[in-house]
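As a plain string of letters, each chain reads:
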Amino acid sequence: MALMLVKFDMKKRVKLAQTIWFLYWFAVMAGVLVFSMGLFFKIELRKRSELMDNNESHLLPNVLILMGLIACGVNAFGGKVCYDSLDPSKFIKWKPMLKPFLMFCVGFNGLLFVTALLCFVMRIPLQFTLAEGLKNGMRFYKDTDTPGRCYMKRTLDLMQMEFRCCGNDHYRDWFEIQWVSNRYLDFSAKEVKDRIGSNVDGQYLMDGVPFSCCNPSSPRPCIQGQMTNNTAHYSYDHYTEELNVWKRGCREAMVSYYGGLMNTIGALVLLVTMLEIAVTIGLQYINSSLSSLVNPEDPESESEGWILEKTVGETFTDIMANMKAMSKGGKVEEEAEAGVATVS
Amino acid sequence: MVLLKIKFTQQRRVHLAQGLWLLSWTAVIWGAIIFCLGVYLKMELLRRDEVMDNTEIHVVPNILMIVGLASIGTNWVASCVCQDSLDATRFPRWKVLLLGWFAVAAVLCCLLISVVALSFILQGRLEESLKVGLRNGIRFYKDTDVPGRCYQKETIDRLQIEFRCCGNNNFKDWFEVQWVSSRYLNFTSKDVKDRIRSNVDGRYLLDGVPFSCCNPSSPRPCLRYTLMDNNAHFNYEHQSEELNLYSRGCRQALTDYYMELMNSTGPGVLSVILIQMSVLLGMRYCRLRWKESWLWRTQRARFWLVDPIATEGSSEDADLEKAEKEASPTPAS
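Which chain is which? The protein sequence lines are C and H, in order.
According to this note's numbering, the first sequence is numbered sequentially starting from 1.
According to this note's numbering, the second sequence is numbered sequentially starting from 1001.
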């Protein structure tokens, strides 16, 4: 008993072939889309690799790029086969290849599904990479004269302005590190000596933030220094002040940005997987309907199409039996060779 | 007097019609592109509407949009004409429109040329408009509690950050206005009283700039206040300091940006002019071919490209016309 048997006449076959051909071209474009999404994601990761300590994993974008390329190739080939299926003379040359091609498609669809799951799962390691990277990034903010780190200040400033965030978790993270380079500190001044003396590591700590933390929507010119001292500024209460600097931490901002990107890509890859499954089933129907013609000489005769020739259970036992036979055949050949070797 | 005479065989006629059909569809697509360019330019101008004093410059994107739409329409008509030109029964209905079509196409070409000219001519007016608009924006920066101006601060801040500029001509423009709102000034403090008394209008002026003027590429944390006092900051000299703040004025930055945008539409516009002229020329030959064969019978000819009575057409033309004369009914003259 075949799985999902459908009867086909000439007209239905033609219509099926046309629809599946059209869907294959759609799938080629979907493959291009997956490829470009992988490329885009890779570029986005590279843009901010400094903030992730150059430690970020490029596994996901590389897999997406590979899958996109394979999808384009597979779907183009499938489209060609569909196009030729309307002409019996042309279809003959594709017939022997179809079964292995369909098996490959099934495997490819499985891999696509795994890729989609990967998109959703890779968010977690990214979160940790970002947290570590941002903490280190802030420490190197002042090192504008150290080769290899001289652009950290610029990167962090631009990132804080673009993502509207300040610090790792909140703006107070800036209070805990020295973000002013020693080159611009007057070590003979009393204030500087006090601040350096106030902590174990001898760092110049201050209750101030860089200018990139400032919120343009604030009605008041930005207060960057002496933020916890209410008397230093007129009509200022740092407990209730909300619009002065960005309240969000940059780790949260970046994670939500990249997380959103990965969720979107994952959803799109799932849709592409469903499309691929649909075209694979369609091609299987075309293959089975063309190979089960009632009258093989007459291309216009009726036929039947199916997804599996036998039920799922029977097909599975068949596959197991084939594999056993193949391994047994291999053993018999080995014994024959051994026998030949011992004889000679 | 003949200008650009070409002999036409039947095959050449077919090629002409096909080539022209393809060219007119290309022109339709280019017309759509010009329309989209016009829309994009208009959107960009509207986004910065608040720092512009007048809307004179809007004439450039308006013309681009009108020309784009008209170009789509006329070239679509041209493609229909070309398609029907090979069919003797369907072509006559287009004959009436053709003269009008030529006029419209010529007007479109003139408008396109005028757009390119206008975008250069209006540069000065754009700069003036920006100068006044930015001056007002800087003046009203502090008025975050006045209805109608409360977003001026945010607009100017975002503008300075996005275009990497400071002030109107340079950062010293901020020294001449009070950009700190009076709500945040302690009028009992000596410093505030001194500053207010130091000028005629009683404004709180300081040699400082808003945070949006800060340049992230500076190796040093941004210095915003007491910029003219070298002693106020360690290892600082305001005469030689270059990277601390953005050195460019916003007027220059915005003018450069819009000029670049309008110049980049230049090649697109020029190619549309070229395509439109080729379609025009092609349609002239198209019309000519038919009018020649039809009016040869009615003995009425008024061409400015070819005079059929004075010239001799190719032998194939004469044969074709003879065949047509026999095939179709002679119209009443």
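Don't take each hint at face value.
[As the list claims (entries may be wrong)] The list that follows gives simulated cross-link-like pairs (lysine-lysine, DSBU-like), each with its CA atoms no further than 35 Å apart: (1) C:Lys190 / H:Lys1042; (2) C:Lys7 / C:Lys247; (3) C:Lys42 / H:Lys1190; (4) H:Lys1042 / C:Lys47; (5) H:Lys1042 / H:Lys1172; (6) C:Lys247 / H:Lys1005.
In short, the hints are calculated from the structure, not lab data.
Results for each hint:
1. Pair hint Lys190 of chain C plus Lys1042 of chain H does not hold up; C-alpha atoms about 57 Å apart against a cutoff of 35 Å.
2. With a CA separation close to 65 Å, the supplied pair Lys7 of chain C and Lys247 of chain C exceeds the 35 Å bound.
3. For the suggested pair Lys42 of chain C and Lys1190 of chain H, the alpha carbons sit about 57 Å apart, so the restraint of at most 35 Å is broken.
4. Restraint check for Lys1042 of chain H and Lys47 of chain C: the C-alpha separation of about 31 Å stays at or below 35 Å, so the hint holds.
5. A threshold of 35 Å between alpha carbons decides the hint, and for Lys1042 of chain H with Lys1172 of chain H the separation of about 31 Å falls inside it, so the pair holds.
6. For the suggested pair Lys247 of chain C and Lys1005 of chain H, the alpha carbons sit about 76 Å apart, so the restraint of at most 35 Å is broken.
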